[in-house]
Amino acid sequence: MNTIFHIATHELRRLFKSPLVWIIFAVVQFLLAIFFLLILSQFVDPAAASLFANYGVTEIVVVGLLQIAGIILLLITPFVTMHTFSEERQTGTIKLLLSSPVSMTELVLGKYIGVICYLFLLLVLISLMPLSLFMGTQLDLLQLLSAFLGLVLLASSFAAIGLFVSSLTSHSAVAAISTFGILFVLWIMNMAGSTGSEHFREILSYLSLLNHYHNLLDGVFNSADVAYYLLVSAVFIILSIWRLNDERLH
Amino acid sequence: MNKEILISVDHVSRYYGNDCAVNDISFSVHRGEVLGFLGPNGAGKSSTMQMICGVLSASTGQITVAGHDMIESPKAAKMHIGFLPERPPLYQDLTVDEYLCYAGRLRGIGKIELKEAIAYSKQRCGLTDTGKRLIKNISKGFQQRVGIAQAIIHSPAVVILDEPTSGLDPNQILEIRELISELGNDHSVILSTHILPEVQSVCDRVLIINQGKLVLDESLDNLQQDDQITPIKIAFRQPPPLDILAEIEGVMDIEQIGNHHFKIYCESEINTINRITNLAAASEWQLYEMIPEQDSLEETFIQLTRGESQPLPDEAGEGSV
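As given, the protein sequences belong to chains B and F, one line each in that order.
Residue numbers for the first sequence follow the working numbering, beginning at 1 and rising by one.
Residue numbers for the second sequence follow the working numbering, beginning at 1001 and rising by one.
Bound conformation, chain F alone (with noise of 0.2 Å):
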């Protein structure tokens, strides 16, 4: 956590006339970090990051990029960054090789480096093959890599990446985030998504972002360490009275959420589920299902922008986002 801080954001807030769209916001990305931004649509995900890369001004508050203020010396601090906002920026009627050319031209690449940069780009966005055709013709998946590709060019230190698998299919989204995982080896990568598990696979701290205010700054290891009490979920066709389960050694609380389905929070997982499976069939109360909830993620999400607008149902409420 002590290396070269490379964004630091203090304070900002931005307001659509009298609306706030961002409230007061404070953090910082180090180098080599990848940073999962989160957050329900219209909390002002999109918003921080215009503003991170200079395409929106913050109303009030400061934004330093690799020590360069973004109001006082905005070209100094926008040679740092790559952004791929929520639609890809394309020139539909450009070959890939044209657009990637006037990208690198726009971030100031000299001539002679800038076929090196392009083939580079191409190379790690899997575009090699792709270079004469237009960009209209090529897929939904091959156009977010131009995308990438772009932001890439120019060996930014931060890439900013705003939803980039959204209205992917399930196999471009995976190439999509093997691709942001290898960019998290040289870049520090700001990636913004309402995918869950994504964030799990590839970041490496997590900002929740609620109504335009910053409600979680966490890395993702110590997330999932505080929750080391996790649920089980657990099903029986003969179910047992709840305080004969409750009774079960290691078992800390016990919650009936239907006919046959109780969640069980419990300390030593390993020794407990097999305590309670030894039971269950020594019983005959036939087991047949068993589910250890580990989207601690998932449930941090659901309690921090839910709030007290809309207080969590008291049964069968869990795992419907």
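Looking at chain B on its own, in the form it has when it is part of the complex (with noise of 0.2 Å):
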């Protein structure tokens, strides 16, 4: 336990060490802020007021927000777990790690954890806008916790599938772009079954990452989406910590 706890401090030290994540940090704030401002300035206008009649700000600003701040997550995530296996085999650090006691699923947890964290501290400075509405309004607060636990979901789950990206290449380019082309076929998965059969559009809709974000989002708390995203998570991470173990044995 204490070692996985080394590893993820480790791993979360050495991202902030590098000017990536700071960049990171301050890109996506300036862009969902540019967001914010649209969709409220929208919501706000007298003209529009009949269209967003029988909604609220929650539904309209805060689900508008944070589902394009999925789709940044998506964007941002592959730069974030890139380095994770890649550098430290192209640096050949990962052989102080595999000549350490320290087991594959220890060295795996830790640096999952690691990267979670990071895109947490980015999870709470994006809430902090939706947030700042209390201000001036009252919010759907249950909504806009299913909301949150949906982004953090998403998140955990980009970063299990990136992670796993990571621990097969020992290039930190070929691991962003194979992330990114993963997470993207997985988001719009739903509309290649338009033309399908009726199961198999059923199948691949359920399978898309981004129905089960649309439900969370929604405010509909189904602990099927819940379970969906934690499997995910697992999924790739036991990927991972097996890729890394055969790999000692090729």
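Take the hints with a grain of salt, since some may be wrong.
List of simulated lysine-lysine pairs, PhoX-like, C-alpha gap at most 25 Å [what the hints assert, rightly or not]:
id: 1; chain 1: F; residue 1: Lys1075; chain 2: F; residue 2: Lys1132
id: 2; chain 1: B; residue 1: Lys17; chain 2: F; residue 2: Lys1132
id: 3; chain 1: F; residue 1: Lys1263; chain 2: F; residue 2: Lys1233
id: 4; chain 1: B; residue 1: Lys17; chain 2: F; residue 2: Lys1263
id: 5; chain 1: F; residue 1: Lys1136; chain 2: B; residue 2: Lys17
id: 6; chain 1: F; residue 1: Lys1075; chain 2: F; residue 2: Lys1115
Derived by calculation from the structure, the hints in this document are not laboratory data.
Make the complex out of the two chains shown on their own, each in a separate frame, by following the hints.
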């Protein structure tokens, strides 16, 4: 347990030593601030009032913003996870880890928790914007919680997928691009089913990362959605452990 | 030799796909021993060392470290090992202290002992004043020291160093070599290198590995004793005929290796050398060079690693490696 903690804090410390993650903080905040401003000004515009007649501020502004936050997360997570194993392998530092009394499970979990901690910090910063609405109005607290939970779960599954891809290669850029490709396909999977049979469509849209997120954003807390994200994270963490164990053998 | 066995490597092989990098190697390392691991590039040195450290798994065979099997209880086995790979595993953007702290934590050193362990390993590796500097800003020699410091931070029973002096300047090589000799006092050390004098200056025992096979496992003392008939390279400006030299008392064998150069194998070195110099002076052969070829290890190495695939050239083949 201790070892996992040390690997996680080391990972986090190394992330913050690189300028990349600070830039990510800044860029994400900047982009979301623009979207926040746009959505909010649209919402308060009297001319558009009839459009939003049946919806509250939480449904329009908060959900709208978090939807975009999900997409931005999809774009930036590959850059956070690409270093985890690729860089260690490229610089040879992975040999320090492999020759230390550390199991693969501890190693992967430590790295995963490190990355997750960074992403959660990012999510805290993101959530400050919708929370600032409390200064002027009332928000649907439960929907807000459900939406935040969705974002947290989404980030966790993205990180697990990124970690696994990073364990496959020794080139950070290859890891980043591949992670992005996989995340994107999982995201838009439900669109691909538009021509197939009913069952096919159902399976694809169930597998899509997007659909489950939408449910949570809408305030529909279904344990199946939560289980889906936890399962995706667990599967890719286990695959990473397998992959690293396998690497020593071949 | 009846000291406790710390590492035992038992019929270990390693395949990369269909290529056999290490082929059925067995040896053991005793407590307090400094073992020199020699071999040409690509002979399987690094693979063997990485298998002992658990970085790679052996395809077949068994490795035990301090009684713990590397496959069955890797954590217990790795506690006793400090490893410096060929390229030191350093995080360039950390300071020396931060890095050693992480390395210590990975090896399970507690919070209280950690400070002491870092100070001690820094002091041993001459890093006392570099703790606050970023690793990327210190010289290559110091980076190598940091690499050694991380390998000894948890006072392991065995320290494994893979080519610790490659790429360093001669002064740094000397310093690292001194450090390794010092380590040999309280740790067992396995040292891989292709610099032969390094082995002679610091090791107790030599292993030579060629094309994945162990071809020599001998203590350095034995190796040097084996070779009591040392050849002497000798050169005259006015060389006498070969048979006159061959008749000198004490000369066992002689071969001409150039117009002016001879290689003489003699029994009791000093007496024979005296006789040759006296005779040379009396007969005006103009002796101008006389070099005893002490490098028995080098000869053994060349013989064993060139093997049948590349036979020694008949003439002037000496010292070309």
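Quick rundown of the hints versus the structure:
Proximity of F/Lys1075 to F/Lys1132 is assessed by CA-CA distance (about 31 Å); at most 25 Å being required, the pair is judged violated. With a C-alpha separation of about 15 Å, the suggested pair B/Lys17 and F/Lys1132 falls inside the 25 Å cut-off, and the hint holds. Under the criterion of a C-alpha separation no larger than 25 Å, the hint pairing F/Lys1263 with F/Lys1233 is consistent with the structure, at around 5 Å. A threshold of 25 Å between alpha carbons decides the hint, and for B/Lys17 with F/Lys1263 the separation of about 62 Å lies outside it, so the pair is violated.
With a C-alpha separation of about 13 Å, the suggested pairing of F/Lys1136 with B/Lys17 holds against the 25 Å cut-off. With a CA separation close to 23 Å, the supplied pair F/Lys1075 and F/Lys1115 stays within the 25 Å bound.
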